[in-house]
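Please build the complete structure, drawing on both the sequences and the hints.
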Amino acid sequence: MVATRPMTIKEFEAEAREGSWELIDGEPVALNPSGGDSGWVAGEIFAHLREHVRTSSLGGVFTTDVGFILFDDRAVVRSPDVAFVRRERLPELTDGFVPMAPDLAVEVLSPSDRIPDAMSKVAMYLQAGVRLVWLVDPLQRSVNVFSPDASPKTLIESDVLDGSSVLPGFSIPLVEIFI
Amino acid sequence: MVATRLMTIQEFETSPLPGRWELIDGEPIAVTPSSGRSSRIGGRVYSRLADFVEPTEIGWAFPADAGFILFGDRAIVRSPDAAFVRRDRLPEEPAGFVPIAPDIAVEVLSPSDRQPEAIAKVAMYLQAGVRLVWLVDPYKPTVTVFQPDASVIVLGESDILDGGEVLPGFSVAVVDIFA
Chain H
733 MVATRPMTIK
743 EFEAEAREGS
753 WELIDGEPVA
763 LNPSGGDSGW
773 VAGEIFAHLR
783 EHVRTSSLGG
793 VFTTDVGFIL
803 FDDRAVVRSP
813 DVAFVRRERL
823 PELTDGFVPM
833 APDLAVEVLS
843 PSDRIPDAMS
853 KVAMYLQAGV
863 RLVWLVDPLQ
873 RSVNVFSPDA
883 SPKTLIESDV
893 LDGSSVLPGF
903 SIPLVEIFI
Chain F
2 MVATRLMTIQ
12 EFETSPLPGR
22 WELIDGEPIA
32 VTPSSGRSSR
42 IGGRVYSRLA
52 DFVEPTEIGW
62 AFPADAGFIL
72 FGDRAIVRSP
82 DAAFVRRDRL
92 PEEPAGFVPI
102 APDIAVEVLS
112 PSDRQPEAIA
122 KVAMYLQAGV
132 RLVWLVDPYK
142 PTVTVFQPDA
152 SVIVLGESDI
162 LDGGEVLPGF
172 SVAVVDIFA
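Protein chains in written order, with my numbering: chain H, 733 to 911; chain F, 2 to 180.
It cannot be assumed that every hint is accurate.
Straight line, CA to CA, 27 Å or less: simulated DSSO-like cross-link-like pairs of lysine-lysine [said to hold, decoys possible]:
hint	chain 1	residue 1	chain 2	residue 2
1	H	Lys885	F	Lys141
2	H	Lys742	H	Lys853
3	F	Lys141	H	Lys853
4	H	Lys885	F	Lys122
5	H	Lys853	H	Lys885
6	F	Lys141	F	Lys122
7	H	Lys853	F	Lys122
Computed beta-carbon distance windows for the label pairs [claimed, not checked]:
hint	chain 1	residue 1	chain 2	residue 2	range
8	F	Glu55	H	Asp769	42 to 48 Å
9	F	Ala96	H	Glu820	26 to 32 Å
10	F	Pro17	H	Glu759	32 to 38 Å
11	H	Gly775	F	Pro95	46 to 52 Å
12	F	Thr15	H	Ile888	48 to 54 Å
13	F	Gly165	H	Ser844	44 to 50 Å
14	H	Asp894	F	Arg38	27 to 33 Å
15	F	Pro19	H	Glu750	51 to 57 Å
16	H	Arg737	F	Glu55	48 to 54 Å
Honestly, the hints are just simulated from the structure, not real lab data. The structure displayed is predicted, hence computed values, not measured ones. Quick reminder that beta carbons are idealized off the backbone N, C-alpha and C, glycines included.
Listed below in structure tokens is the structure:
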């Protein structure tokens, strides 16, 4: 499907569409449903984050399908598989998209995902000001950690994923999130 | 500097811009000169590639400054800090810009480089079909390896960087790159 003209965020938000979509510089792009494996892993990460955030009152954790307006000056709405926003930045939530980039964005790869597209998404999150990006690969049982001011890191199944300064005190042994 | 209108690759190639530039979707972008350490490390990677490649017919090694036309349908010319192109994709040494994306692209970070832009550049190389991207961080020191169909791998000083299927037989100890 080719858009005849770029769509605004408002038009994108108002239009009924089947399935999950993102808006990339005015162009609606359909999202493939996740594989069961990646959906499970995303759910495990969400559950761990939710538990940590509930006890620490750090902020809000979002499941997949929530649209984030990443930039003020670009028509971009993206939906990380899991996201976290710190309390002091958390806006009053409405039925609309979240009007800011999250502090943490988590992407879980499905077998149908292409690495070049995943890396483009990671780059876009970092350019939007996301402070921590976890790119989770359930097949390799690894997590790549990206942040705007440090080189990428690769964690394997025997490692512990931590929340750095974005989610102080959060840590999760990766063996607990992979099936 | 803001371009008043977008430039074609041909205009970019023939216009005498002072300094180093890349062309990103028709817009000329100035490239900041590298730090001394980054430049020497980029030169070292290029030398290793050239020493390996030149006695063979396998392909061409390029130092920094060569312009590559990354896409058939976008006005993008970028200059990796070192690159390799297989001869079966490029039979003759090009007189102008290299008309295709390289098989290996090497980026060496300078202190002035921002991680989000570096990751965006890596993503663009992968989207263009580059099969192996080495992101070298002299200040960690690490080499992060990106491929279009495999997870990201971060190599430290005790690891060996190899050419994989793209450049079989090539290998260099990471510690030697940073020596």
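Status of each hint after checking the structure:
| no. | hint | verdict |
| --- | --- | --- |
| 1 | Lys885(H) / Lys141(F) | holds (11 Å) |
| 2 | Lys742(H) / Lys853(H) | holds (22 Å) |
| 3 | Lys141(F) / Lys853(H) | holds (24 Å) |
| 4 | Lys885(H) / Lys122(F) | holds (18 Å) |
| 5 | Lys853(H) / Lys885(H) | holds (17 Å) |
| 6 | Lys141(F) / Lys122(F) | holds (19 Å) |
| 7 | Lys853(H) / Lys122(F) | holds (12 Å) |
| 8 | Glu55(F) / Asp769(H): 42 to 48 Å | holds (45 Å) |
| 9 | Ala96(F) / Glu820(H): 26 to 32 Å | violated (57 Å) |
| 10 | Pro17(F) / Glu759(H): 32 to 38 Å | holds (36 Å) |
| 11 | Gly775(H) / Pro95(F): 46 to 52 Å | holds (50 Å) |
| 12 | Thr15(F) / Ile888(H): 48 to 54 Å | holds (50 Å) |
| 13 | Gly165(F) / Ser844(H): 44 to 50 Å | violated (23 Å) |
| 14 | Asp894(H) / Arg38(F): 27 to 33 Å | holds (30 Å) |
| 15 | Pro19(F) / Glu750(H): 51 to 57 Å | holds (53 Å) |
| 16 | Arg737(H) / Glu55(F): 48 to 54 Å | holds (51 Å) |
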